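Chains as they are written, first to last, in this note's numbering: chain A, 521 to 716; chain B, -5 to 174.
Watch out, some of these pointers could steer you wrong.
With a cut-off of at most 25 Å between alpha-carbon atoms, the simulated BS3-like pairs for lysine-lysine come out as follows [claimed, not checked]:
no. : chain 1 : residue 1 : chain 2 : residue 2
1   : B       : Lys143    : A       : Lys640
2   : A       : Lys559    : B       : Lys142
3   : B       : Lys142    : B       : Lys42
4   : A       : Lys559    : A       : Lys548
5   : B       : Lys42     : A       : Lys640
6   : B       : Lys106    : B       : Lys42
7   : B       : Lys42     : A       : Lys559
8   : A       : Lys548    : A       : Lys604
9   : B       : Lys106    : A       : Lys640
It is worth saying that the hints were derived from the structure and are not from the lab.
This structure is a prediction, so every number in the text was calculated from the model and none was measured.
So you can see what is in the structure, the chains are spelled out below.
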Amino acid sequence: MVNFVWLVMIVFGILVAGAKGNVDVVTKAALDGANDAVKISISLIAIISFWLGIMKLAEEAGLVRALAWLVRPAMRFLFPSVPKDHPAMGSIVMNLSANILGLGNAATPMGLIAMRELQKLNRGRDSASDAMCTFLALNTSCVTLIPTTIIGIRLLYGSTDPTSIVGPTIMATAFSMAVAIIVDRILRLIYSEKGR
Amino acid sequence: MFEVIAELSRWAIPLVLLMVPLVAMLRGVKVYETFVDGAEAGFSTAVKTIPYLVAMLVAISIFRASGAMEVLVAVLSPVLNFIGLPAEVLPHAIMRPLSGGAALGIASDIIKTYGPDSFLGRLVSTMQGSCDTTFYVLTLYFGSIGIKKYRYSVILGLTADLSTLAASIFIVRVIFGMGG
Chain A
521 MVNFVWLVMI VFGILVAGAK GNVDVVTKAA LDGANDAVKI SISLIAIISF
571 WLGIMKLAEE AGLVRALAWL VRPAMRFLFP SVPKDHPAMG SIVMNLSANI
621 LGLGNAATPM GLIAMRELQK LNRGRDSASD AMCTFLALNT SCVTLIPTTI
671 IGIRLLYGST DPTSIVGPTI MATAFSMAVA IIVDRILRLI YSEKGR
Chain B
-5 MFEVIAELSR WAIPLVLLMV PLVAMLRGVK VYETFVDGAE AGFSTAVKTI
45 PYLVAMLVAI SIFRASGAME VLVAVLSPVL NFIGLPAEVL PHAIMRPLSG
95 GAALGIASDI IKTYGPDSFL GRLVSTMQGS CDTTFYVLTL YFGSIGIKKY
145 RYSVILGLTA DLSTLAASIF IVRVIFGMGG
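Bound-form chain A, shown alone:
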């Protein structure tokens, strides 16, 4: 699937650019994309190092395990393949909480830490585990309680009630999270039959 989407974006993009007679934008776009990618990765070094340090402290202090224990019922249902009280559970909860509170700077490093923990359970394979798929589905479908950026834009263009979209946003999010959890279960069954 990811191979298909990737190929379609490039092939379709180049064909359209060619048909429109501005094929030269392709080279520049490719280089711009690569440049952005490296910039993002490099800027991640700082926040990931910082949060990895803090999370290591939290782990040694037993706080990650305590957090995992607190949310055990929900997490055992969502991640049956992760042993109870595993540090992965704690970092998943930290990531989702940071997401919900809109702390983007903390959410990404927490998420990468959770992935590291899940990869330990995956025994270093290059194929995603069930728990990783579930985690990413929750991560991308769960969302901030207060979308500050879009509220700011609504205010800028003279909205009489800029926060009126908060309720609908939370409802739409709740619905898509429910869909994600159900579809995840179905896909997990289908794909486990195919083997890995």
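Given the coordinates of chain A, assemble chain B onto it according to the supplied hints.
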């Protein structure tokens, strides 16, 4: 309610930074050494994402710059109009999982053109708020641990995005009325 959440967001990180080292110290952890131990993996984790992000962002960048999206919108809008998705928000729906910045640009353009309190303005605001940059997140998260086979996570992510879209349209219609 909003004030409480906003205040909670402001305090969350400072509180974590206060509590974690304090509790660690009380439990006899060598705080400075442990922090450095943990932070050591930061560089390799971040650098590991480079090839994955380069691959994905190059494809997205070509797709955006070439005008391929306009073609896709022209092809898809009759179908989507039929199922009740206004064609004006289609570029946003396509861009949202690919690029957060581009989607935000499209959203602010729609808000500017149609007004923030119009049906389209409210719809695109809800779509922007309730969706995430699925492809970017998958690439970054899997890239950091060297996962190349995404299995069903792409289909799962896109299903969630589509259901957000459907839910946004339905909810905004019900709450604010058809015309807006």
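### Hint check, failures only
Violated hints: 6, 8 and 9; rest satisfied.
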